[in-house]
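Q: Chain by chain, the residues run as shown.
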Amino acid sequence: MPSTITLPDNAPVLKAQSTNLDFYYGAFKALKGVTMPIYENKVTALIGPSGCGKSTYLRCFNRMHDLYPGHRYDGKIELYPDDVDILDHGVDPIEVRMRISMVFQKPNPFPKSIFENVAYGLRVRGEKSESYLEDKVEAALRAAAIWNEVKDRMTESATNLSGGQQQRLCIARSLATDPEIILFDEPTSALDPIATGSIEELIGEIKNKVTILIVTHNMQQAARVSDYVAYMYLGEMVEYGVTNDIFMKPKRQETEDYITGRFG
Amino acid sequence: MHDKHLSTQFDSELHGVSSRVMELGGLVESQIRLAIHALSQFSAETANQVIETEARVNAMEIDIDRDLSSIIARRQPTARDLRLLIAISKTTANLERVGDEAEKIARMVNSIIDSGSARVLPSSDLRIAAELASGLLRKALDAFARLDTAAAVSILKEDDLIDQEFDGFVRKLITYMMEDPRTISASLDLLFVAKAIERVGDHAKNIAEFIIYIVKGADVRHAPMDQIESAVK
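Which chain is which? The protein sequence lines are A and B, in order. Read in my numbering, the first sequence has 56 at position 56, and its numbers run on one by one without any break. To convert, count from 1 in the second sequence and add 1000; that's my numbering.
Excised from the complex, chain B in its bound form (with noise of 0.2 angstroms):
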């Protein structure tokens, strides 16, 4: 293929626009591994710190829906340009949505602090799940760098560890619950902090599934495993 358009001014659009997701998604990604650290440590600093960038994630949202908007009235950009701009506006949504799931868990964190139930609870068993979250989001980015269908497909698998680390999590909390119900309160925050964890790495699979869209032109998405190995081939 080609690398380069006729139109070094479309490249560089298109370069500038890539670049811009991947340096939103390395914020977004110091994101939940910052609220990852202020849950372990129980760090109201460390919890404010990312309540206060989220403005930034924001920002950068709406900076790159405008670059893409730019691109699509002024190039008409077709096929493989096409599912890499409607790609990156999907994976764009998906990283704020991951921002706001960083937020959430640090505004939990704080409620949690608030609360004073911090130490009872098994907040650290949650580790494994954030790791695995962060980890998958991190290798999404990767693999939407380099348009890496393989990857794309291993992170699908992936996912389903997260799923099963959530439910497991969500068993243990109930039965914290159910032994003292004081810890009820606390317990729902950091119901809902495994769910914001869960919901990362669905959002890190969605990335996946764009990136074999972009390159492939195949649309995995609801799609049963077998479908998605024979569309990557």
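Okay, chain A solo, but in the shape it has when bound (with noise of 0.2 angstroms):
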């Protein structure tokens, strides 16, 4: 299965583009040549059945993989414009992380109040301007459409947060540090469906201001959300393209028996 790709007409900005990008977990390669554009402003799914890679693929993108002994990576992560290759060894993770930013599959607050859980990054990062910080805060919480919930509760604790306000929190936070991407691992799994369809309302809506790289099991969760999809298995890329040619008519056969669930 060649990872090729047929760019869509008009294609958008480029953000981001890996190219012939392996990856192994010591002598497990699960990435084999993965070349792929990913579009500024829009949203970019992942998909394929468990162990596909999707995910390895998708924490190549803020170096989550350094922790892993072993690990190696070939090939290149383009961030554009400034064209850097951010697997490069000189480049340093944390700096990735501040431009590219992720949302796990389980809310993860941290055991602080909702305030400083937004504000953690900027902290991080040095910022002491209490008023700046107020700033950012609410507008970051303004834009992942859960500032009227909490706005009068920062002081509390982010874990009395239900589940899926949880989520939209660590949204918040992942913007408050005006990230370039954000990166989803499967970002409502653990979420009601009423939780999941406001997690995609706010997908929808965050991607005016920033990348979106999403990995999912749901099918029709990519197919409502995404731009652009990608079918990746067995650590390769077997088809990417526009979400609704994806959809309606994919071109590999693999594709289409998976998202018309025959893969098996």
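Just so you know, the hints here were simulated from the structure itself, not pulled from any lab data. Every residue gets a Cβ at the ideal spot worked out from N, C-alpha and C, and that includes glycine. Check the hints yourself; a few may be wrong.
What the hints assert, rightly or not - 20 angstroms max Cα-Cα, derived EDC-like pairs, lysine to aspartate or glutamate:
1) B/K1216 x A/E254
2) A/K249 x B/D1148
3) B/K1004 x A/D227
4) B/K1157 x B/E1131
5) A/K249 x B/D1003
6) A/K136 x A/E149
7) B/K1216 x A/D245
8) B/K1216 x A/E149
9) A/K251 x B/D1003
Stated by the list, open to error - In silico negatives: residues of chain A with every beta carbon more than 10 angstroms from chain B:
10) V13
11) T19
12) Y39
13) K42
14) D74
15) R125
16) K136
17) A139
18) A143
19) V150
20) R153
21) G197
22) E200
23) E201
24) E205
25) P250
Reconstruct the complex from the two isolated chains, following the hints.
A: What follows is the structure, encoded as structure tokens:
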């Protein structure tokens, strides 16, 4: 299965691109030559069966694998417009994570107040001005569509919020540092349908500000929220395309079998 | 391609709705044949039988639509499955329309019988067009059952023959009406019958287009023939 890509017509601006990306967990090759564009202010969804490498791929974007012993990257992930290869050893992973933030499957607020959760990244960056912090926190909470629910509870512990609220808080936390890309790793798989709906709505709103890469097990979710879809299998990118084309008329039989539920 | 879904229930739902469309197609086809028989024999009895059976056609359309909505709501089909369900929905609507045309022919037959001018008119000339149209419908249903795109393309070509027959028949009716104005009323009835037959051919053609949509994902409605042929390649 070659990882070839067909660029759509009127392709928007490239925000990032992985080129021949291989990734090894020790001797195990988890990604095999993945080449894929990530377009600015668009939602790109990664779908595929468990173990296909989609989360591994996502995590390469903020160097999360650096924590694994024996990991190895080959190939590159370039970030535009400054053309920096974020896998380069000279690039500080902390700096990468400021530019590319992540929202996880399970909401993971820090055991701190609602305010401090959102202000955390800015404080780490060295921000001292309380009025600046307050402005940024409010803006992030508003962008994450949770401001009205928490504005009178800013000093309460974030862990008192409901699951859906916690996830929106985590999105606010990731927005606060003005990242260029947000990575979502199955952001709604621990949420009920209503909370899921509000997160999906939110993704549609924040993509005006930020580029989004999302891993989801829920194919309908990929169909609903994304502009582009990549189908991955056994560490390879099988097909990449405009979401409508993938769900109405995929080019490759393997993709068709997977999205129609014939895979197995 | 894997023929089966992981969910065997989904498979049986798709299979079930597909076979109900075939059942509807069979019923509608027999309605057309009966209506044409009623026309050629001027049989009020057969015509009435067609009119009575029309209610069953309508009920089947509603049943199939209900099944389709239920499958879409519960399974969220994609790609080929989605195209199949959309095509089934449209095919069902076209078949129901064919049923309407059969009923229309039957009513016109009754009206021509009542007018008493049945024997004067060239109604047997409609036989060829009627055979062509019902044959085309049968081919469309066969091609749908087998998802045969080559057969679908030949159906699209054949529909032109029916249109030519229709034009010739209209010219002939005009000469009858000019020669003897007393036949005008019955001639107009016959004109409606001819139009109904011509419409059956159009519906068969639509169904053939849906087959190409299911298999190739290409929407070939209103497309020129060379484009259709390249879509099917």
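Q: Would you mind marking each hint as holding or not holding in the structure?
A: Quick rundown of the hints versus the structure:
With a C-alpha separation of about 16 angstroms, the suggested pair B/K1216 and A/E254 falls inside the 20 angstroms cut-off, and the hint holds. Distance restraint check for A/K249 and B/D1148: the Cα-Cα separation of roughly 18 angstroms lies within the 20 angstroms cut-off, and the hinted pair is therefore satisfied. Between B/K1004 and A/D227 the alpha-carbon distance is near 29 angstroms, which puts this suggested pair outside the 20 angstroms criterion. Among the hinted pairs, B/K1157 with B/E1131 is consistent with the structure: their alpha-carbon atoms are about 16 angstroms apart, no more than 20 angstroms.
Taking the CA atoms of A/K249 and B/D1003, the gap is near 17 angstroms; set against the 20 angstroms cutoff, the hint holds. Of the pairs offered as hints, the one joining A/K136 and A/E149 holds, with about 17 angstroms between alpha carbons and a cut-off of 20 angstroms not exceeded. A distance of roughly 13 angstroms separates the Cα atoms of B/K1216 and A/D245; the hinted pair therefore holds under the 20 angstroms criterion. Proximity of B/K1216 to A/E149 is assessed by CA-CA distance (about 49 angstroms); at most 20 angstroms being required, the pair is judged violated.
Restraint check for A/K251 and B/D1003: the C-alpha separation of about 17 angstroms stays at or below 20 angstroms, so the hint holds. The claim that A/V13 lies off the interface holds: its Cβ sits roughly 29 angstroms from the closest Cβ of chain B, which is beyond the 10 angstroms cut-off. Remark: the non-interface label on A/T19 is consistent with the geometry, its nearest Cβ contact in chain B lying 29 angstroms away (cut-off 10 angstroms). Against chain B, the non-interface label of A/Y39 holds: every CB pair exceeds 10 angstroms, the least being about 22 angstroms.
For A/K42, the condition that its CB be more than 10 angstroms from all CB atoms of chain B holds, with the nearest at approximately 21 angstroms. Distance check on A/D74: its Cβ is at least 33 angstroms (rounded) from any Cβ of chain B, clearing the 10 angstroms threshold; non-interface status holds. Annotated as non-interface, A/R125 keeps its C-beta farther than 10 angstroms from every C-beta of chain B; the closest such distance is 42 angstroms. The non-interface label for A/K136 is consistent with chain B: the shortest C-beta to C-beta separation is roughly 39 angstroms, beyond 10 angstroms.
For A/A139, the shortest C-beta to C-beta distance to chain B comes to about 36 angstroms, beyond the 10 angstroms cut-off, and the non-interface label holds. No beta-carbon of chain B is positioned within 10 angstroms of the beta-carbon of A/A143; the least distance is around 30 angstroms. Once the 10 angstroms rule is applied to beta carbons, A/V150 is consistent with being away from chain B; the minimum gap is 33 angstroms. Listed as outside the interface, A/R153 is consistent with that label: its C-beta sits roughly 37 angstroms from the nearest C-beta of chain B, beyond the 10 angstroms cut-off.
Distance to chain B confirms A/G197 as a non-interface residue, since its nearest Cβ pair spans about 15 angstroms, more than 10 angstroms. With a minimum CB-CB distance of about 15 angstroms to chain B, A/E200 clears the 10 angstroms threshold, and the non-interface call stands. The Cβ of A/E201 sits about 19 angstroms from the closest Cβ of chain B, beyond the 10 angstroms cut-off, so the non-interface label holds. With a closest Cβ-Cβ approach of about 24 angstroms to chain B, A/E205 is found to remain outside the 10 angstroms limit, as its non-interface label requires.
The claim that A/P250 lies off the interface is violated: its Cβ sits roughly 6 angstroms from the closest Cβ of chain B, which falls inside the 10 angstroms cut-off.
Checked against the numbered hints listed earlier, the structure breaks hints 3, 8, 25; every other hint is satisfied.
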